[in-house]
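A.B. asks: Chain P: place on chain Z using the hints.
Number of protein chains: 2
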Amino acid sequence: MLGNFSYLNATKLYFGDNSLEYLNEELPKYGKNVQLIYGGGSVKRNGIYDEVMKILLANGKNVVEDAGVMPNPTVDKLREGVRIARENKVDLLLAVGGGSCCDYAKAVSVSVNCDDDPWDKYYIRFEEPDCEIVPVACILTMAGTGSEMNAGAVITNHEAKLKIGHVFGENVMPKFSILNPKFTFSLPKRQMVAGIYDIFNHICEQYFSGEDDNTSDYIAEGLMRSLIHSSLIAIDDPENYEARSNIMWTATWALNTLISRGKTTDWMVHMLGQAVGAYTDATHGMTLAAVSLPYYRTIMPYGLNKFKRFAVEVWGVDPVGKSDEAIADEGLLAMEGWMKKLGLNMKISELGATPDMIEGIADATIILDGGYKVFTRDDVVKVLTESL
Amino acid sequence: MLGNFSYLNATKLYFGDNSLEYLNEELPKYGKNVQLIYGGGSVKRNGIYDEVMKILLANGKNVVEDAGVMPNPTVDKLREGVRIARENKVDLLLAVGGGSCCDYAKAVSVSVNCDDDPWDKYYIRFEEPDCEIVPVACILTMAGTGSEMNAGAVITNHEAKLKIGHVFGENVMPKFSILNPKFTFSLPKRQMVAGIYDIFNHICEQYFSGEDDNTSDYIAEGLMRSLIHSSLIAIDDPENYEARSNIMWTATWALNTLISRGKTTDWMVHMLGQAVGAYTDATHGMTLAAVSLPYYRTIMPYGLNKFKRFAVEVWGVDPVGKSDEAIADEGLLAMEGWMKKLGLNMKISELGATPDMIEGIADATIILDGGYKVFTRDDVVKVLTESL
Numbered sequence: 504m505l506g507n508f509s510y511l512n513a514t515k516l517y518f519g520d521n522s523l524e525y526l527n528e529e530l531p532k533y534g535k536n537v538q539l540i541y542g543g544g545s546v547k548r549n550g551i552y553d554e555v556m557k558i559l560l561a562n563g564k565n566v567v568e569d570a571g572v573m574p575n576p577t578v579d580k581l582r583e584g585v586r587i588a589r590e591n592k593v594d595l596l597l598a599v600g601g602g603s604c605c606d607y608a609k610a611v612s613v614s615v616n617c618d619d620d621p622w623d624k625y626y627i628r629f630e631e632p633d634c635e636i637v638p639v640a641c642i643l644t645m646a647g648t649g650s651e652m653n654a655g656a657v658i659t660n661h662e663a664k665l666k667i668g669h670v671f672g673e674n675v676m677p678k679f680s681i682l683n684p685k686f687t688f689s690l691p692k693r694q695m696v697a698g699i700y701d702i703f704n705h706i707c708e709q710y711f712s713g714e715d716d717n718t719s720d721y722i723a724e725g726l727m728r729s730l731i732h733s734s735l736i737a738i739d740d741p742e743n744y745e746a747r748s749n750i751m752w753t754a755t756w757a758l759n760t761l762i763s764r765g766k767t768t769d770w771m772v773h774m775l776g777q778a779v780g781a782y783t784d785a786t787h788g789m790t791l792a793a794v795s796l797p798y799y800r801t802i803m804p805y806g807l808n809k810f811k812r813f814a815v816e817v818w819g820v821d822p823v824g825k826s827d828e829a830i831a832d833e834g835l836l837a838m839e840g841w842m843k844k845l846g847l848n849m850k851i852s853e854l855g856a857t858p859d860m861i862e863g864i865a866d867a868t869i870i871l872d873g874g875y876k877v878f879t880r881d882d883v884v885k886v887l888t889e890s891l
Numbered sequence: 504m505l506g507n508f509s510y511l512n513a514t515k516l517y518f519g520d521n522s523l524e525y526l527n528e529e530l531p532k533y534g535k536n537v538q539l540i541y542g543g544g545s546v547k548r549n550g551i552y553d554e555v556m557k558i559l560l561a562n563g564k565n566v567v568e569d570a571g572v573m574p575n576p577t578v579d580k581l582r583e584g585v586r587i588a589r590e591n592k593v594d595l596l597l598a599v600g601g602g603s604c605c606d607y608a609k610a611v612s613v614s615v616n617c618d619d620d621p622w623d624k625y626y627i628r629f630e631e632p633d634c635e636i637v638p639v640a641c642i643l644t645m646a647g648t649g650s651e652m653n654a655g656a657v658i659t660n661h662e663a664k665l666k667i668g669h670v671f672g673e674n675v676m677p678k679f680s681i682l683n684p685k686f687t688f689s690l691p692k693r694q695m696v697a698g699i700y701d702i703f704n705h706i707c708e709q710y711f712s713g714e715d716d717n718t719s720d721y722i723a724e725g726l727m728r729s730l731i732h733s734s735l736i737a738i739d740d741p742e743n744y745e746a747r748s749n750i751m752w753t754a755t756w757a758l759n760t761l762i763s764r765g766k767t768t769d770w771m772v773h774m775l776g777q778a779v780g781a782y783t784d785a786t787h788g789m790t791l792a793a794v795s796l797p798y799y800r801t802i803m804p805y806g807l808n809k810f811k812r813f814a815v816e817v818w819g820v821d822p823v824g825k826s827d828e829a830i831a832d833e834g835l836l837a838m839e840g841w842m843k844k845l846g847l848n849m850k851i852s853e854l855g856a857t858p859d860m861i862e863g864i865a866d867a868t869i870i871l872d873g874g875y876k877v878f879t880r881d882d883v884v885k886v887l888t889e890s891l
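Quick mapping for you: the protein sequence lines, in order, are chains Z and P.
Here the first sequence is numbered in our numbering, starting from 504 and rising by one per residue.
Here the second sequence is numbered in our numbering, starting from 504 and rising by one per residue.
This is chain Z alone, in the form it adopts within the complex:
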């Protein structure tokens, strides 16, 4: 059954190989000072930085640089970004990059006009913004997090060994996002497949919850089938526009709140993966991949119907003459085979996690209760150990 809910997602999307041109349509709607947010410089090497800068200057903007956003944006970097925004009275936060840059831009946007420290306010006390928000826009160069059309922002605190996400209100969603699949062509294969698994897991986290049978689950199955199909083309042919465009569009709809409407959701794979990330600083999608199968095999008996449905509808497992358990197992085996084809890290030890870290990672794992089995700390330790 669809539970009661509201839905609003007012991010304007420009999608396609000409989409950057529309930056010219959007910029006049905002003030003069633009904080240009990007990461380690890949956008300078692939020329996207120059294209964007040209359009910004042609539109008479005063550009304030905010470079060096790391794959897992830190609270220290966030505080720096807030300082830059305040000192320059910025009117628009323009993120050029992947989910890290978009997340970071949103975290800055809700902090510029707030007096409290953003980490304490949003990631410890989980308060909502009570100050004016600086508008955010994204030019996406990597498909994965869905940050281009949602209100989430994950921030890492190395000191506290915590990596925490806060999903803000609809008003924090980007005002517009520019999605050009060709901007993802130059991404290293490891980053591409990590993004693909991040997308897949976003869908799983919303799909593997609740016994009900609702439209959201059917949409989720469609998205998973499309992603599996396109991912297998993209790993052999990374510049296949059809595959990369479908992957990019699937990423957006996998985490823009649509497929969670009226449903409970799980998110424990993200809680486990983020705790691993807090200790190893490993690529987000890889941390999810490495803990997923031990986690799903642990909860499968408690959500057998949905895992059976997953096997048949998503992986095309033939159920004839098989037990529910056998069908569900076959589905997870098919998923495992696909993950190995993509070349994902299937063990957290490959990501720098060591046995002596398990207790600490378990301490850093936030336990949520939306899944088929509410985890105990022992369950967390068990899954982390099996993931080693």
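Hints are computed from structural coordinates only; laboratory data are not their basis.
Note that the coordinates shown come from a computational prediction; the quantities given were computed from them, not determined experimentally.
Errors might be hidden in some of the hints.
Since the list can't tell identical chains apart, any single copy or any two copies may satisfy a pair.
As the list claims (entries may be wrong) - Straight-line Cα separation of at most 27 Å, DSS-like style, residue types lysine-lysine; simulated pairs: (1) 535 <-> 850; (2) 825 <-> 685; (3) 844 <-> 592; (4) 850 <-> 557; (5) 685 <-> 592; (6) 592 <-> 515; (7) 557 <-> 515; (8) 844 <-> 532; (9) 692 <-> 532; (10) 515 <-> 678; (11) 692 <-> 678; (12) 624 <-> 557; (13) 532 <-> 885; (14) 592 <-> 876; (15) 515 <-> 876; (16) 844 <-> 692; (17) 825 <-> 843; (18) 580 <-> 592; (19) 664 <-> 685; (20) 678 <-> 532; (21) 557 <-> 678.
C.D. replies: What follows is chain P alone, placed relative to chain Z:
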């Protein structure tokens, strides 16, 4: 491949059996004068009118009645609605009803401040609004058209024997819509199944176009599977909340522009059905049902791959050892069986169409070119004759 596109849908949705309460949150955002738009009085019989009126008065609104919107809103009624809105300087057009009331409200909203006659401007010259738009909101009592989250408005001109739809820009979409599945419980079964087929056909019109294989098609398949599943529950148990809520949610996403992003679309079944409607004033969904199978069997050879995929992915046809034609045929046979189970009209003669009308209906049929076969007038006559 996903072609280039933009996407923006800023309608706020409140969904669930408590959703009418949120009218209290939205009303303060608008001025004092509310034009209350409804149809033949069913909302008075089922008590929804009283509930809405109580909330409007409690919020200090000045309510202007605009009753009698017919199932196929006419241009004469539209001109009357525009007059009411002008005379009362209305600040909000609040439609309480099905797609007809929502469509009508949007047609009024783009006409209130325009000097030209709305029929000539929007339905003959297909111009865009160049005047200030009066905001529209919907309280939905029937699932089908998707009008609650799109910018379309179909208007009928009996004098000219034309029924034409205009899809306006994103700014014409309802500001908010309230979707309470229980409000659809009292709908007569004939209206319920007509709405269900309208939803299904909206998906087909967007699915059966283009040879490409993109995410939109996978989402469309998920929506069709969900609709088929829930419709078979709803025809036996119309007050099954799970089924009716899934049907209502599917209707919204079947026609809010999502599944047409990056795709070509067809819409010839709607062109044929609307021409039949212009002559018979028959229920929209029934006119679509009556012309669908002759139409799809005519274009199937030109889009065989998609019809084969439709059979396997939507209807679960086993393709093993069968020719593509045989698989595609089986899919349409399964669709026909489902339509008969729903009790849809499968012939336009059941809707009042007579052989002598065929030429006139063919003249009233707008021929579009997005489908697998671009129709000639002879093709139109052939399909209409087979539909008799």
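A.B. asks: Now tell me, hint by hint, if it's right for this structure.
C.D. replies: Now for the hints, and whether the structure bears them out:
| no. | hint | verdict |
| --- | --- | --- |
| 1 | 535 <-> 850 | neither (48 Å within a copy, 62 Å between copies) |
| 2 | 825 <-> 685 | neither (44 Å within a copy, 39 Å between copies) |
| 3 | 844 <-> 592 | neither (48 Å within a copy, 64 Å between copies) |
| 4 | 850 <-> 557 | neither (44 Å within a copy, 60 Å between copies) |
| 5 | 685 <-> 592 | neither (33 Å within a copy, 50 Å between copies) |
| 6 | 592 <-> 515 | within (24 Å within a copy, 31 Å between copies) |
| 7 | 557 <-> 515 | within (22 Å within a copy, 36 Å between copies) |
| 8 | 844 <-> 532 | neither (45 Å within a copy, 53 Å between copies) |
| 9 | 692 <-> 532 | neither (37 Å within a copy, 49 Å between copies) |
| 10 | 515 <-> 678 | both (6 Å within a copy, 16 Å between copies) |
| 11 | 692 <-> 678 | neither (30 Å within a copy, 42 Å between copies) |
| 12 | 624 <-> 557 | neither (37 Å within a copy, 40 Å between copies) |
| 13 | 532 <-> 885 | neither (52 Å within a copy, 52 Å between copies) |
| 14 | 592 <-> 876 | neither (48 Å within a copy, 57 Å between copies) |
| 15 | 515 <-> 876 | neither (38 Å within a copy, 33 Å between copies) |
| 16 | 844 <-> 692 | within (12 Å within a copy, 50 Å between copies) |
| 17 | 825 <-> 843 | within (25 Å within a copy, 33 Å between copies) |
| 18 | 580 <-> 592 | within (18 Å within a copy, 52 Å between copies) |
| 19 | 664 <-> 685 | neither (36 Å within a copy, 48 Å between copies) |
| 20 | 678 <-> 532 | both (11 Å within a copy, 21 Å between copies) |
| 21 | 557 <-> 678 | within (21 Å within a copy, 36 Å between copies) |
When the structure is compared with the earlier hints, violations turn up for hints 1, 2, 3, 4, 5, 8, 9, 11, 12, 13, 14, 15, 19 and for no others.
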